[in-house]
Amino acid sequence: MSIVRSSVHVKWIVGTAMQKMAKVRVTRLVLDPYLLKYFNKRKAYFARDALQQGTVGDIHVKHELAEIIFKVGRVIDPVTVKPCAGTAYLKSPLSSEPTNVYGHVSVSLQ
Numbered sequence: 001m002s003i004v005r006s007s008v009h010v011k012w013i014v015g016t017a018m019q020k021m022a023k024v025r026v027t028r029l030v031l032d033p034y035l036l037k038y039f040n041k042r043k044a045y046f047a048r049d050a051l052q053q054g055t056v057g058d059i060h061v062k063h064e065l066a067e068i069i070f071k072v073g074r075v076i077d078p079v080t081v082k083p084c085a086g087t088a089y090l091k092s093p094l095s096s097e098p099t100n101v102y103g104h105v106s107v108s109l110q
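Start counting the sequence shown at 1; every next residue gets the next number (the UniProt record's numbering).
Check each hint, because a few of them may be wrong.
Straight-line Cα separation of at most 27 Å, DSS-like style, residue types lysine-lysine; simulated pairs [unchecked claim]:
id : residue 1 : residue 2
1  : K11       : K62
2  : K23       : K41
3  : K43       : K23
4  : K43       : K20
5  : K37       : K11
6  : K62       : K41
7  : K20       : K62
8  : K62       : K43
9  : K11       : K43
10 : K11       : K41
11 : K11       : K23
12 : K62       : K37
13 : K62       : K23
Hint data in this document are derived by calculation from the structure and do not stem from the laboratory.
All chains, full assembly: derive it from the sequences and hints.
Rendered as structure tokens:
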């Protein structure tokens, strides 16, 4: 399955002084171009906490999946825009029987 963007954000709540808001700290890895090594970079954001259930020290994890390009088992060749199974093209998107593309005898996939 191929996706456009997938991300996981881990956030620590560092302050809840304002009503219905929480100050969170996000840590991410940034590549140093000279050393070619990853280092932690921290940044603080304000997040809305409508239910006011977060307290200082809590860890919040957000998983995000933006778009699914191909569902499992329904792969479409990007060049010919035809459904395929492995290296063989299918007759229709619902069929599991490959077509004879190159003039060779094709073997059905199981």
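Q) Can you give the numbers of the hints that this structure goes against, from lowest to highest? A) When the structure is compared with the hints, none of them turns out to be violated.
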